[in-house]
Amino acid sequence: MEFDLDFMLDDDHKLFHRNVREFCQTELAPGYLERAKKHEFDMETYKKLADFGLLGFMLPEEYGGQGDAMDFVAMGLAVEEVGRADFSIGYALLTCVNALQIVNNYAPDHIRESFLPQYINGDVLIGMALTEASGGTDLAGMTTTAIKDGDYYILNGEKSSNSFVDAPYHIIYAKTDPDAGYRGISAFWVPMPDESDPTVSRSVFSDIGCKPIKRGAISFKNHRVPAENLIHKEGAAFKMGVKGEDSARPLCALQCLGCAQAALDDAIAYSKQRTTFGNPIASYQGISYPIAEAATHIAACRMLCYQALWKADRNIPYTMEAAMVKWWGPSLAFNTIKQCLLTHGHFGYSDEYSLAQRMVDVMGLEIGGGTEHLNKLLVAQHIIGKEARGR
Amino acid sequence: MLKIAVCFKYVLDEVDIKVDVATRTLKKERVAMKISDYDRNAIEEGVLRACEAGGTVTAISAGSETIRKGFKDALSRGADNGVFICDDTLADASAAESARVLAKAIEKGAYDLIIFGEGSSDMFCQQVGPRVAELLGYPVISYVNKLSVKDEYIKAERKLEDGIEIVSCKLPAVVTVSSDINTLRIPGMKQILAAKKKPLEELCLSDIDISREEILSYKTDSKEIATVMDRKKILYSGSDAVTNLVNCLMSQGVI
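These protein sequence lines map, in sequence, to chains A and B.
Under my numbering, the first residue of the first sequence is numbered 1, with each subsequent residue one higher.
Under my numbering, the first residue of the second sequence is numbered 1001, with each subsequent residue one higher.
FYI, nobody ran anything at the bench for these hints, they're computed from the structure.
All values reported here derive from a predicted model rather than from experimental measurement.
Not one of these hints is a red herring.
Restricting the straight-line Cα-Cα distance to at most 25 Å, the calculated cross-link-like pairs of lysine to any residue (SDA-like) are: (1) B/LYS1027 <-> B/MET1229; (2) B/LYS1197 <-> A/GLY67; (3) B/LYS1155 <-> B/ASP1180; (4) B/LYS1170 <-> B/GLY1109; (5) B/LYS1069 <-> A/ARG18; (6) B/LYS1232 <-> A/GLY278; (7) B/LYS1027 <-> A/ASP11; (8) A/LYS48 <-> B/LEU1193; (9) B/LYS1108 <-> B/LEU1136; (10) B/LYS1028 <-> B/VAL1228; (11) B/LYS1190 <-> A/ALA50; (12) B/LYS1232 <-> A/ARG274; (13) B/LYS1018 <-> A/GLU293; (14) A/LYS14 <-> B/LYS1069; (15) A/LYS37 <-> A/GLY368; (16) B/LYS1069 <-> A/ARG21; (17) A/LYS272 <-> A/ILE298; (18) B/LYS1018 <-> A/GLU22; (19) B/LYS1108 <-> B/LYS1150; (20) B/LYS1028 <-> A/HIS17; (21) B/LYS1146 <-> B/GLU1052; (22) B/LYS1190 <-> A/ASN315; (23) A/LYS14 <-> B/GLN1191; (24) B/LYS1198 <-> A/HIS13; (25) B/LYS1069 <-> B/GLU1202; (26) A/LYS243 <-> A/HIS110; (27) B/LYS1190 <-> A/HIS17; (28) A/LYS243 <-> A/GLU387; (29) A/LYS14 <-> A/LEU93; (30) B/LYS1196 <-> A/GLU62; (31) B/LYS1223 <-> B/ILE1017; (32) A/LYS14 <-> A/THR296.
Turn these sequences into a full structure, and let the hints steer you where they fit.
Written as structure tokens, this is what we have:
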């Protein structure tokens, strides 16, 4: 396996990194724990991301976007710092690299022109509904249908485990050709009607973590969507979605690593000031060795994430690296935070500390955005070859 | 059109500095640098006043080559252009050296309003602004936490220990600003990239009629060591212990 050494943060990225860390610690970190416990996405805090320009990633300057000012490495720096400050708000940035890129690159002009300025300004959220109760990893097995009827498509079925389920707009993935596997999947721009409309119902799950992002289900019963809201063309949705997955995976991992780093920083500080038997607990190897191990693993995973994003910026294939960090990063983050909680002893077990919240927050990304199993399969296929193709 | 100059100092970031406990010397290896905290407010204030009254903002600093990177940050914060007085003899310059050099550069640029932070976040001598004003023969208003510009005059509120003082004077003038004069906007990637396109004028000492010998004549022998703060070791006991402790902590500004 070849490896690359020719990458480092240039002065622009270093300055941006410093600034985004200051922004996140000043504007996002205060109140994280309080916000994390509510089933409500704080739009006021979210809008601060817009003020800083983070919601305009790779979106047209004519709509207030960043154009090509921010590359994937810069986005990685931002996602890591946002994850460190407020994990759930980090999900809003992930939306930039999948849903928003689909809208910007493939949606009809009338949708781009009306929606993009609102989104970039932090006025609205958007959801992207691919998965269903019967198929998360198995996207080709989705059962929601979109059948053409004159100037409309009729949606029937239920999407499940979708973030921001109460957002006013969703990209809905449905089969326009139920017999064509993944080639029969199409994507639609669907403005959500008000609650009185019997053709759409939405429900929010009672999750143990990431409550503010309101993961839930959307059910369609003969819901009519204008044909002009088809994104790109019939049968193109699977490839559109997959294209964004590679860039999303290192960002998911960095969001988790940022959260783990915050926990590790707390554990380090605690270990220096908490004393037992007359010594700071940091002097005991049972405390310092796990900290050293966690710091090592985080540093290694972080480097692989940024290598993947560096390759993304140069159009060098990075699917394998993306899959590596997606299965590794969230799992590593969860285990690190758990260890940090234990370092805090009985204080760590209290929900007045952020450690338990961080732990359940990162756990969501061990599942969402591609499971550990799927990503290990992708890595195996890259390394072993077609013999490793799953059954 | 109003010409505003904002002078900034590029300093070591104190959060990275470690102390050798045995010798009390500061370990400055691998310490990042930053624009001095109050100077960031000074730049922001210059930009706000220029937007309000119509004008330009020039970021000015003096030092060795190591401070060049500070201009990217300054320009990304909204300054229109930069002036960099670059010479190795200006490394670790004292307040007297800095003031002499900056005054000459400001005189050359014929600025109307010159803004400094109230002090640098490393030495916090709080001298450079008033020294520059004295050298130029300009009025100086220090510790400003509110500033406005109208026609040829500025009006400033000064936050003093026992109250607020409101003063005004005619331009050209020097002000030093406190950190609560404004809320900093943090530049994003777009502003950082745009900074590269802004002009940066580089001056050597001879361009401002100063000789190296003159700068060297200001040099003094000095040494920095970390202060030592002993624990107070105050013991409160009895039924009023908690109340007395809380009162003490409040009087010390801890809570």
